[in-house]
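Work the whole structure out from these sequences, hints included.
Residue 157 in UniProt numbering sits at position 157 of the sequence shown, and the numbers go up by one each step.
Source of the hints: derived by calculation from the structure; they are not laboratory data.
Every value quoted in this text rests on a predicted model; they were computed, and no experiment measured them.
Take the hints with a grain of salt, since some may be wrong.
Think about it this way: if two alpha-carbon atoms lie no more than 25 Å apart in a straight line, the pair counts; the simulated DMTMM-like pairs of lysine to aspartate or glutamate are [stated by the list, open to error]:
1. K157 x E6
2. K157 x D42
3. K34 x E66
4. K102 x E61
5. K102 x D116
6. K272 x E61
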Amino acid sequence: MKKYIEKAEKLRFKGLFRESLRLWRRIYKKAIKKAESEIVLDALIVLGDLSRITGKINSAENYYKEATELAEAVGNELALADTLTGLALLKKAKGQWKEALKIIRKAKNIYERNKDKEAIAFTLWARGTIWRWAGRIKKSLHAFQEAQQLFKKIKDKKALAYTFCGIGGSSRIYGRFETSMKYYKKANEIFKEIGDRFGTAYSFCGIGNAYRMKNDLKDAEKFFKKALNIYTRIGDIVSSSYTLWSMAVVMILNKKYLTAWQYIKNAEKNFKKCNDPRGLIYCMLLKGMLHYLDKRKKTARKYFMRAFREAETYDFAVEKKHARNLLEGRYSVPFNIP
Numbered sequence: 001m002k003k004y005i006e007k008a009e010k011l012r013f014k015g016l017f018r019e020s021l022r023l024w025r026r027i028y029k030k031a032i033k034k035a036e037s038e039i040v041l042d043a044l045i046v047l048g049d050l051s052r053i054t055g056k057i058n059s060a061e062n063y064y065k066e067a068t069e070l071a072e073a074v075g076n077e078l079a080l081a082d083t084l085t086g087l088a089l090l091k092k093a094k095g096q097w098k099e100a101l102k103i104i105r106k107a108k109n110i111y112e113r114n115k116d117k118e119a120i121a122f123t124l125w126a127r128g129t130i131w132r133w134a135g136r137i138k139k140s141l142h143a144f145q146e147a148q149q150l151f152k153k154i155k156d157k158k159a160l161a162y163t164f165c166g167i168g169g170s171s172r173i174y175g176r177f178e179t180s181m182k183y184y185k186k187a188n189e190i191f192k193e194i195g196d197r198f199g200t201a202y203s204f205c206g207i208g209n210a211y212r213m214k215n216d217l218k219d220a221e222k223f224f225k226k227a228l229n230i231y232t233r234i235g236d237i238v239s240s241s242y243t244l245w246s247m248a249v250v251m252i253l254n255k256k257y258l259t260a261w262q263y264i265k266n267a268e269k270n271f272k273k274c275n276d277p278r279g280l281i282y283c284m285l286l287k288g289m290l291h292y293l294d295k296r297k298k299t300a301r302k303y304f305m306r307a308f309r310e311a312e313t314y315d316f317a318v319e320k321k322h323a324r325n326l327l328e329g330r331y332s333v334p335f336n337i338p
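Shown next, in the form of structure tokens:
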């Protein structure tokens, strides 16, 4: 069993999520047969994380539910905190960011009681991603910077690189495109060095978005394609959906409207699979832009209004602002959404 677990974790570390998921399923089944509750619990948490990352949201929720019940039954507080952390990120992806913040706070309290510095830092990173999702960028940056300090102290290069990505993404929304580029490139160097494929793709996408906002559309497209190639190989439809969306923006800015529409449709299809309301709002905004450019202003307005109402429902501050500004004509169309 130990060899299987080591192999599965190596695959996960490298970002080969589908392969790791398959192996962890086998480990889980074997552990149940042998009644090895500790391994069953570990497997449930990892299966939840891998299912979440690969867009299998319902499966992830079920795994986390089982893990929570087992962790409470055997009195494993740290395993419960690990489960809560994954569940918080799942709630974030579903747009339930307020609930996600409550859950991640519970996890952090457990880690603090157990003086687990690495896990505390991870909850700060998770909090940063939740605040960023919600559009509370100042709070997001603060959480990422706190996480960065802790990861530096414990010398966790991989975690530090993901924190750089968080700072890069929040900086882009603030309009600090050079800062965003710098952090994503720093992250990319680390990911390549340690062989993390997902991280490499994630940082490629961030670099592409920084180029996009600087209106360097050729380089933006190049990095988005690099990211998409890796995401396709590792089976990540969650992150690839946002990259497809970014490609659609580039196509609109390049006046390749039919190609843009196809990218939007593909992204929208995946966002629906992943139950991602934020991604669907972004697709509505782009659909509205395309209708506006085709001189169908009434239809465009309907899409902008739908996006605004959905963003208001989930209290997504950034998306609500963009939709309102498009409705009120404060942005010209097409608009390069950060």
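Results of checking the hints against the structure:
no. : hint        : result
1   : K157 x E6   : 20 Å, holds
2   : K157 x D42  : 24 Å, holds
3   : K34 x E66   : 18 Å, holds
4   : K102 x E61  : 17 Å, holds
5   : K102 x D116 : 19 Å, holds
6   : K272 x E61  : 16 Å, holds
When held up to the earlier numbered hints, the structure conflicts with none and fits them all.
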